[in-house]
Amino acid sequence: MNIALLLPVVFPIVMGVLIQPLKLHDRKTRQIYVAATVIINFLMVLFLAINAPDGTKMTILHLNRVVDISLQIDGMSRLISIIAGFLWCTAAFYSFEYIKHEGMDERYFTFFTATVGVLIGISYSANLQTLYLFYEMMTLITFPLVMHSMAEQSGKAGKKYLTYSFVGATIALAGFFFLAEFCETTDFKAGGTLLLDKVNGSGHMLLFQIMVLLTIIGFGCKGGMFPLHAWLPNAHPVAPAPASAVLSGVITKMGVLAIVRVIYYMVGVDFLRGTWVQYVLLSLTLYTVFMGSMLAFKEKLFKKRLAYSSVSQVSYVLFGIMTMNPTGFIGACLHIVAHATVKNILFLSAGAIIYKRHKTYVTELKGIGKEMPITLWCFSLASIALVGIPPTGGFESKWYLATGALEAEIGFFSYLGPAVLLTSAFLTAGYLLPIMAKGFFPGADYPYESFRKTEVNAYMTVPLVVLTVIAICSGIFVNPLYNFFSSIAATIF
Amino acid sequence: MGIAIIVLLILGGVAAWVCKNDKTARLIALAVTAVDAVLAVVMTMNVASNGEQVMRFGSGFIEQSIRIGKIECFMACIFGIIGFLIVWASMSMISHDVEERLIPFYYFLVLALLGTLNAVVFFESMIGIFVSIELSSFAAAGIVIVKNQTENVHAGLKYLSLSILGSSLVLMGMVLLYVATGSLMISGIGEVVQSGGFMGSNSSYVVWAMSLITGGVAFKAALFPCHIWLPDAHGTAPSPSSATLSALVLKAYIVFYMKMMFRGVGFEVIASSGIRTLLNVVMVVGVVAMICGSLLAIMQTDIKRMIAYSSVAQMGYIFMGIGIGTEFGLFAALFHILAHAVTKSGLFLVAGSIIEQTHNRDLTKMGGLGKLMPITMALFTIGGLSMIGIPLFVGFNSKWNFATGIVDSANYWLLIPLSISALLNALYYLPVVIRAFFGQEAKEMKEPFASKERPVKDLLPIILLAVGVIIFGVAAGPVSDFLHSGIELLTSIGH
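Residue numbers (this note's numbering), protein chains in the order written: chain U, 902 to 1394; chain V, 32 to 526.
Accuracy of the hints is not assured; some may be wrong.
Claimed, not checked - Only pairs whose alpha carbons sit at most 20 Å apart, straight line, appear in this in silico PhoX-like list of lysine-lysine:
1) U:K1271 x U:K1257
2) V:K396 x U:K1057
3) V:K396 x U:K1060
4) U:K924 x V:K402
5) U:K1354 x U:K1257
No wet-lab data here; the hints were simulated from the structure.
This one's a predicted model, so the numbers in the text were calculated from it and none came from an experiment.
Work out the full structure: start from the sequences and follow the hints.
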């Protein structure tokens, strides 16, 4: 059973790498190959999530006498691996059609397929060094996706992406050396393994706190948390739409997962709760929530607006985590699910519009709902979910985020937090709903006579509809999710 | 067996020179380095099971002693195996850089250099060490000058003169130690220095002597700012020479310095005397070297000069490890000797392949190279990622060891330059990779294009080096254990 943990990590990487040597030049064959890979991988992830008991562990390598590379399965890994595995299937189907207009299919699918293996690796990581290993691999392996068009603009964005990612990872690594010294082990154990006496005894309490803060900020880079957020609005939009969707929807969550691991599985909440570190982190996340929404509101480029929206929404999740309160944590987990699905829908529908109508600015989208009704319906429902209107998943998650903030003993932030979340929700409505309104009701000056319906084909609509159904249902039938996240929260508080 | 290695290499070199035929000379060099590699491995197994080998000859003032512990074996294996791979790679590359009539002489120099490097490491007696250092300097300058271009002659002479300056500083330090302790053996010096009460009255002698030796080694091992000869010498030399100079030559002097410091002076005396201040200076200068070496590398447009400046930065790491002055620091420095030797020799050979196939040294004109030379650029990528310190490559283990040494010795601030330096490494290695695989030129290149890849059999030694980068990246446990037990022998003054 334990060796099975390696399968969903290695299988997609091997299959991805084999695409070019196998010379799958024929489009149909390649599509079947990629589809089979991602679906089998998702089934493996699902099987492991259901059948493998908590704490199933295997060690792959000993880099040296201290550093081992190990995989382990627990609640958080189940959550993230299922999200990654599933969203990869929808994005893959969508890509089959979309990538026709980008070209270089073989290279795209090589890296696209391999990436999911690395992401499963991150979610299954049993200790910080394994996480760091897959984290760096993720940066390198997604880089070709960002650079896909190889235009000058994507070159700049790609370099920015690499620079920020490496800076973030390096800062995190520097902090990691401290954690390795002052924690019992670098393995992730629910509740943390900090040796408080050792920290106190060393007389470097402040330094240790600074290093914990830096580790979190460093990992926050991938999640687009201020101050290392600036790469995200550049890098996500230049990638092909399905890649932007998974970059924004799934890969940002890897930063979140790393932060959860550091706070809840290494340092422990009891050490951080009520310290200045927590307040700094709360301020950073709230600032990011507000800033991201404001910038999205002002942005006219469609995909860039969605990227700014990710900056803001991922920090909702981070805010929930920083409340260090069970309800807030559950809210954060719910928002991981909600944002992952919703952001995929938004980027995929934006991609569909670009694919068919070549419209990249939000101002050009008048009447698009007449021309591409399914796409815009999915987009609209997703927008509603992101704004947080019941009964969608976004409503439930924000509800628990706000309750968590009020319950937590974080003083002033108990009130500031919900206030900022609410303001940001209004801004979200402000930057998403006008697109829907103008799309369905273009006004009298819309050239009705030259109207033609240009809906995309099933490769693109089916993933959109499936995801939209999930976005809605995750709000209506929230109980199983809630119970699952409570069981995770019960282990770490 | 140590003597056998030295004699074999030098006699083999002479044989290569005498044969006057470039084909025979190549074969002799390949055979001799192969035998050297085997001997080094056998000797290592021998020492690992039977303990140190000590050999003394002569008596009185000129008494010589060879003492081979685990660290010496470790170095002999690096010299032997990596030397063999570099010579193997040079088979197909050297005629690009060196005239046919000079090839026998070239291989004489290479083999003599390897022999004297082994001698620098093996000898325990000052006179033997000094003679070996001097001879190795001449041979090392020789393999730069042998390319026979004006720039090489200038670079070689610059190298030689600064190298001699370094040796004379080392000699003065040795003389001072002899005057103070009356011994010409490292362990003899150690016995006196580490005996109670000696440092009280003679502290300034030892500190001055060690400062002189530090200064000398700084020149020989290119510690910033005494590195000024290195970019010229390593940048202009034939590529196999650059690989040898960077991967092997610098390291021999470092091991000599480690022995002087940790066997001659010892951890305890270091911690309680002026030597600690000296090591602090070494540590800080090492940090400055890490940062400045990388900054200078970023500014280069010539691929070989960039890699050469990267060596300056990497030597900074090693000196920082020594400067930490604890067992962990020493271990990190020793491990980095291995890491750097494997990685940098591969990088220089890759650079040599690129220059040979495209006649272009300019980094800004290497767009699209990933399509023309995919294997070569993949090897470059492996080397670059290792230098940056990505897990699964040997560079990460090295970074980990340094960080452990830093945290263990509570010099926490050193983590900052360590991290910055890793980022700076990324800043000059990754753009090359990105340009090669994703540059505009790569996009515009339509099939069919003429591949410029060298045949795989010529690339095999470089591929083996890259395999080494990965093996020591994923399974460094055995080497680490060997080094840890070797450090005990290195720092003990017994025998």
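| query | Is the hinted pair U:K1354 and U:K1257 satisfied, with a Cα-Cα distance of at most 20 Å? | reply | Judged against 20 Å, a Cα distance of about 11 Å means the pair holds.
| message | Between the alpha carbons of V:K396 and U:K1057, is the straight-line distance 20 Å or under? | response | Roughly 18 Å separates the two Cα atoms, so the pair holds.
| task | Given the hint that V:K396 pairs with U:K1060, test it: the Cα-Cα distance must not exceed 20 Å. | result | 18 Å, holds
| CA of U:K1271 to CA of U:K1257, is that 20 Å or under? | 13 Å, holds
| Taking only the CA atoms, is the gap from U:K924 to V:K402 under or equal to 20 Å? | Holds, at roughly 16 Å.
This entry satisfies every hint, going by the numbered hints stated previously.
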